[in-house]
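A.B. asks: The listed protein sequences derive, respectively, from chains A and B. Note that my numbering has the first sequence beginning at 1, numbered continuously upward. Note that my numbering has the second sequence beginning at 1, numbered continuously upward.
To be clear, the hints were calculated from the coordinates, so they are not data collected in a lab. No residue lacks a Cβ here, since even glycine has one placed at the ideal position from N, Cα and C. Any given hint might turn out to be false.
Covered, in the sense of this in silico footprint (three residues per stretch, anywhere, with C-beta under 8 Å from a C-beta of chain A), are these stretches of chain B [claimed, not checked]:
#1 35-47
#2 72-79
#3 82-93
#4 100-108
#5 129-141
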Amino acid sequence: MPKDHGIGASPKRREDVRFLTGEGNYTDDINVNGQAYVHFLRSDVAHGKINGIDTSAAAAMPGVVKIFTGADFEGIGGLPCGWQVTDKHGEPMQEPAHPVLAQGKVRHVGDPIAAVVAESVEQARDAAEAIEVDIEELPAVVDMKAALSEGATKVHDDLTSNLCYDWGFVEEVKPDVDAAFETAAHVTTLELVNQRMVANPMEPRVAIGDYSRGTDEHTLYTTSQNPHVIRLLMGAFVLGIPEHKLRVVAPDVGGGFGTKIFHYAEEAFCTFAAKACNRPVKWTSSRSEAFMSDAHGRDHVTKIELALDADNNFIALRTDTLANMGAYLSTFAPSVPTWLHGTLMAGNYKTPLIHVNVRAVFTNTVPVDAYRGAGRPEATFQLERVVDKAARELGVDPIALRRQNFITEFPYATPVAVEYDTGDYHGTMDALEGLIDRDGFAARRAESEKNGKLRGLGVNCYIEACGIAPSNLVGQLGARAGLYDAATVRVTATGSISVMVGAHSHGQGHETSFPQVVAEMIGIDESQIDIVHGDSSKIPFGMGTYGSRSIAVCGSAMVRATEKIIAKAKKIAAHLLEASDADIELKDGQFSVAGTDKSVAWGDVTLAAYVPHNYPLEDIEPGLEETAFYDPANFTYPSGAYACEVEVDPETGKVTIESFAAADDFGNIINPMIVDGQVHGGIGQGIGQALLENCVYDENGQLMTGSYMDYAMPRADDVPFYAVDHSSQTPCTHNPLGVKGCGEAGAIGSPPSVINAVVDALQSGGHDVTHIDMPASPSRVWAAMNK
Amino acid sequence: MSQVTMTVNGKTASGDVEGRTLLSQFLRENLKLTGTHVGCDTSQCGACVVHVDGKAVKSCTMLAAEADGATVDTIEGQAEADGSLNTIQQAFQDHHGLQCGFCTPGMVMSTAALLKDNPKPTEAEIRDYLEGNICRCTGYHNIVKSIMAASGQDVGSIAAE
Chain A
1 MPKDHGIGAS
11 PKRREDVRFL
21 TGEGNYTDDI
31 NVNGQAYVHF
41 LRSDVAHGKI
51 NGIDTSAAAA
61 MPGVVKIFTG
71 ADFEGIGGLP
81 CGWQVTDKHG
91 EPMQEPAHPV
101 LAQGKVRHVG
111 DPIAAVVAES
121 VEQARDAAEA
131 IEVDIEELPA
141 VVDMKAALSE
151 GATKVHDDLT
161 SNLCYDWGFV
171 EEVKPDVDAA
181 FETAAHVTTL
191 ELVNQRMVAN
201 PMEPRVAIGD
211 YSRGTDEHTL
221 YTTSQNPHVI
231 RLLMGAFVLG
241 IPEHKLRVVA
251 PDVGGGFGTK
261 IFHYAEEAFC
271 TFAAKACNRP
281 VKWTSSRSEA
291 FMSDAHGRDH
301 VTKIELALDA
311 DNNFIALRTD
321 TLANMGAYLS
331 TFAPSVPTWL
341 HGTLMAGNYK
351 TPLIHVNVRA
361 VFTNTVPVDA
371 YRGAGRPEAT
381 FQLERVVDKA
391 ARELGVDPIA
401 LRRQNFITEF
411 PYATPVAVEY
421 DTGDYHGTMD
431 ALEGLIDRDG
441 FAARRAESEK
451 NGKLRGLGVN
461 CYIEACGIAP
471 SNLVGQLGAR
481 AGLYDAATVR
491 VTATGSISVM
501 VGAHSHGQGH
511 ETSFPQVVAE
521 MIGIDESQID
531 IVHGDSSKIP
541 FGMGTYGSRS
551 IAVCGSAMVR
561 ATEKIIAKAK
571 KIAAHLLEAS
581 DADIELKDGQ
591 FSVAGTDKSV
601 AWGDVTLAAY
611 VPHNYPLEDI
621 EPGLEETAFY
631 DPANFTYPSG
641 AYACEVEVDP
651 ETGKVTIESF
661 AAADDFGNII
671 NPMIVDGQVH
681 GGIGQGIGQA
691 LLENCVYDEN
701 GQLMTGSYMD
711 YAMPRADDVP
721 FYAVDHSSQT
731 PCTHNPLGVK
741 GCGEAGAIGS
751 PPSVINAVVD
761 ALQSGGHDVT
771 HIDMPASPSR
781 VWAAMNK
Chain B
1 MSQVTMTVNG
11 KTASGDVEGR
21 TLLSQFLREN
31 LKLTGTHVGC
41 DTSQCGACVV
51 HVDGKAVKSC
61 TMLAAEADGA
71 TVDTIEGQAE
81 ADGSLNTIQQ
91 AFQDHHGLQC
101 GFCTPGMVMS
111 TAALLKDNPK
121 PTEAEIRDYL
131 EGNICRCTGY
141 HNIVKSIMAA
151 SGQDVGSIAA
161 E
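Excised from the complex, chain B in its bound form (with noise of 0.2 Å):
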């Protein structure tokens, strides 16, 4: 057991963990912080991921000890101070580009990132985005159009709303 300490969602936070002990395990467990879900063992669904530095990682992938130090963004911190929901939060419930919820905090964090990057992608490019991150209930359509929605594009001339 080795204590680490980080930044998370701009609290410090410290905890004992075992070398094994993923950054993913280390949010869920020790910090209860169960926003940040587990969909595969493989890092490939995407469910899991979070803004490490700034830059989007799956938290299945990391260990929590080489996290220690840095600064972890998760999905309880997104939503604006007076809690209500920030941008892309808001265009994915307007969109209804969630159903389950299950990768829905990974894909709004995927989404921040790639905003951060290209503030107004094409749904190509979204596409090409979002191959790291699985959904099996939205067919992708409506995430989409919620990221276009969320970059400030106009998706009424999508087809079926």
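The following block holds chain A by itself, in its conformation from the complex (with noise of 0.2 Å):
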């Protein structure tokens, strides 16, 4: 029987009324008295030197409030990157300016060159276009290749070349590495790309800056999943605000998928124009815009060599990456090809030498940094083709494969610089093949070809690494912030609680899901507890929501906050029972002295808080309000096995998945419900990229997906039902609810299954082809079988 309430339960969610019903409160639903609308005029080439901006008929034009170009934030600091990464000479990365507007060149189609404030935003809009900009067109750096080659144009003509690093991990075990390609009885290679994606939460972004002269207190609003580090970045580096002056609200956010951690300069200007007009100033995003201002993701070319025994066991892995940076530095960016992917590259397997190359690259494009998964899709991409393709190269069992060479014994140290905690990785693949069916696929493929079609089935493993922790090692590896959170439990007079939290739900049903714990620990209704999330001015300093954290992190700052909570308020009750502290249980809200009839419920011990006329004042302060800050000791490490089938038309190239299953080992789970759904998500998103989203580029650097008419986004009827199963369980050992992250592990898991079933599909109808790029699109599919 299924839980009912508590941890364990799916309750429903209590943030789906205000959504199903349209009381939502989204970032562009707030309107602010006397706003202006901010229109930005956006750079139509891929690079140019700028000559001249002349605004004088702009603002002569009907509802201008003021235009604003690069000269207004000369002195005013650039974007800041939250991450450096030290290359494998010891030398940090090139790190380029990334000024708010446009200084002297443009860099990328979409690079903001000038602002118009106006009274409404067609307004905003028609001065914008009378703007007359004098650019000098300059050849654009598209291809990384091209990008690397000597005598390539710079993007940025104050840095030594296009190079951002050239990483190297575990360089000193490169020679080992090496030696062992050497003696390998079988050495599989695989060439892949990575493509651009492009993030696409459904509301666009928006910024709403405010500011009072009256208090010198400055308020934006904005589409974040991080509103402390919007407030820390842009206060402390961009615009030089005291944080106690600055306020920072991301209230109802519709999806982030990582494209909302970061600080853009739409929420930068927004601020900064708010006290220049000494009025609010508003931007929303529309959704051509979001394709060219929006950070993108992905975005690598590999080259991966897997080195087998002759028995078939891994002895080796070697890689070389180039990863996009795009045209400026993303926040988190340099993080994501180098510590996020390098990391992950051991997957599931023993392999007992590892060495991953990766040289990151500028080029006139739209930013690229963290999205869903963010490092950890491209590393099992890659793993898991190769491990396929060394299978299929050697004619063994797939699934038998990976299981010969699983990880079984943990903890494990992997020679990526990380230590799994726990797992049990033929546990996920035994709960996978109980999903798959798999004695019946021959019987499936047969039907399949009666019909002239080409049936494939294609399995992969993954781990994943969440919540990344602890702060003093990563700031080791170059991060430049902390990666704890915190929370604070607020017990009110009558026993109800408020929990600021500063993870942010943005579709991940904390509202819900986060009270469930706290339930749990004292015994209470669910119903009793709120959790206050996504304002800088309620919350504790709070690094946000991102890289499958919330739970993991956040959850166990609360889990610490509400363990004070208990410890103080069983004080109180010992007080009020005339018991000493140490014979004090707690269970289902009521407090008793161990061995007796004697208890008070948790309403009377809150309200002896707040009322305290009979409490120990001298040994303990009134009230019941503890905060706690939680910094983990590790990652933890979700790990599955997920499985696809699909049909190719060997007519058209179309790629139809009849069937995707997943098997997850997400430790304890909190909420199943939730949980299942975040893996619908992820899994959805993983078929768009494996068949369907691809950001292309033109060589002038034109971006040619620029809308949802040329970017295939993944509609109801290009996916299945999916079968999830989250039977298998290793908690995580180092937090105190043995969770472990599963916000990104659908997107990290599904592609390599999808691409498997393409090629076992083709395999099978007699077509020599060993990969297919993503997205495997019907011209694509149908030009490698025709070629």
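Quick one: dock chain against chain with the hints and give me the complex.
C.D. replies: This is the structure we're talking about:
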């Protein structure tokens, strides 16, 4: 019988009622009295020198309040990068300036040149068209290999080249890795592209700046996954606003998927302009603007080699990756191809020797940063594709080859710097095999073939590293921020509770799942507990939600704060019961003296805390409110095994997903319904990457996929129902809930099995196809079959 | 500027609009009915779906002036008179058919239009009908399931609860 409340139950989501009735409060739904509107004039060339900007005609247009250009931001900080990677020679990465509005040059289509503030958005737009910009177009750098070639045009004139960094990991073992390849019985090599993606949360970004001369206080309403990070970055590094004078509010946010982590120029602009114009300034992105201004994701080109011994054991792995940074360094961009990618290359396997090389490259394209999974999907795709290719080359069963090389003993220190605390890779593979009816595949394939179709089955494994930590370690790796989180548990006199959390919910359902934990710990009803998030003036300084960290990091902080509450409440109860606090037990919201029938209720204790008439004032303070910061000792390592079955139409090359199965190990699960939903969504995005989505630039740096007309988002008829299983559970050993992150798993784990299935289908039709790059669109699949 | 008048969620609503004002804009800005969302500018995403004279319409594709005199229903008018969720809304909550909630108003309005014409759609018919509504969070699994449940179909056998 499933639980109906507390940890492990699936209560209906409380946030749904407002979303289902149109009562949500998204940033664009907020209007501040007297607000003006901003429209950004963006570069329509990929690379150019700005010779002059004439705003005089535009300034005279109706409704124009003020026009800003890069000159208005001279002497003001640029957008900071939050992670400094050190290259293989011990040198810091090249780090270009990133002005709020372009200064001297534009470096990608969409780079903001000027901003018009006007009485209406239409007037702002009309006036922007009247701005005359004299741009001398320069050759655009688009292809990464060309960008690194001798004599290539430089994206940033003040840097020595377009190379951001050349990172080797772990550089000291490279000779050993190379030596292992010399002696290998078999080497499988694969060159592949992990294409550029656009995160595309359905809510476009919005920013509203507000400023009060009376109090010298700034407020920024913004579509952010982490309001405190924005406050710190923008306040301290861009605009120089003391943090206590800056409030950042991220209300209901319509999806993030990574791209709403970063601090963007538009946020800084609206905050700055609100003071300069002395009135609120609002910007709402159009979808077209989003395509050319939201940070993109992925965009890696990789060569991967796997060395096996004569018994098919993996003995070494070697990769060489080019990672696109785009034109500037977005907030966490440098960390994605390095510490979020290289550390994943062991995957589920006990490969003893691994070397990863990554060269990060500047190009005249939109900056690239974390998108759901961030580095981990790229690692998993390479690894699970090369393992599958090896199985085919060796003529062995792809599941058996994986099982043979699984890590089976934990904790396990990988050769790529991380230590997996727990996992059961055979367990998740067993669960997967329970979902997919492998024995029936031959009959299903025969049936497809009878209908003139090819059928393929692909499997893959994944491990993920989420809740990146601990802070002192990531500091050594180049992070310019801490990676803890925080929670404040505020109990009222009548016993209800507000929990202020640093995590931000933009679809994850924290308002439902977080109270389940506190309710379980105290033994009161979940309806007595509310979560407060998204407003820097209300919540403690936390780092927000990304990297599948919320429950593992912020949830742990909430547990620690609740433990402090319970410890204090027991002291109060001991006083009321005239007993020793060591003898007080808390169960189902009742404090009792062990071995007696004496008890007081939760509400009696909370009332005593705030009306301390009968209270040990000499020993403890009145009130019941506690804060905890939690800095994890390690990442959490969810893992799983996924399978996809596809049908390919040889006439058209169209791939249809016939079934998709996912078996994940997330450790302990707070709300199974929400966890399943997270996996479904990740799979949907992974199938999108595998079959549909592709952000394309032409050789001049023009964005060819600038709207939903050109960028193929997955629709309901592109995907099937998914079979998911979360029965394999190895709890995390180092956080109090034993939980692992679940938000990105689906997106990390799903692309390889789709492509493995497509290759399987094509090979079953006698086609000599060993790899197909994503997206496996009909034209690509057809071309591969007819080469 | 010209004045438009329409019946929105059963009440008469008027406002002055420019010729270029979209129905979505009129609903959000003039009437403050911000439940109708705008997720794209090419009439692809479907977050802005409302009903105009009983038909599902992407309100970003229609000028406010074109809706002059029409009956318009939005997400704000879908709940029961006592404020409780209607059958479709309740099914979406019961089956976790939404996450961030941004596409949800459009999904609910499209579902209402679908079920009016086709009270018991098959899975394939639902997926086909939702071609014009994009969701980035759910992978559509629980949306399709919610719609099947809202139409009174047994969803217990669908994989993965």
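A.B. asks: In ascending order, which of the hints set out earlier in this document are inconsistent with the structure?
C.D. replies: none
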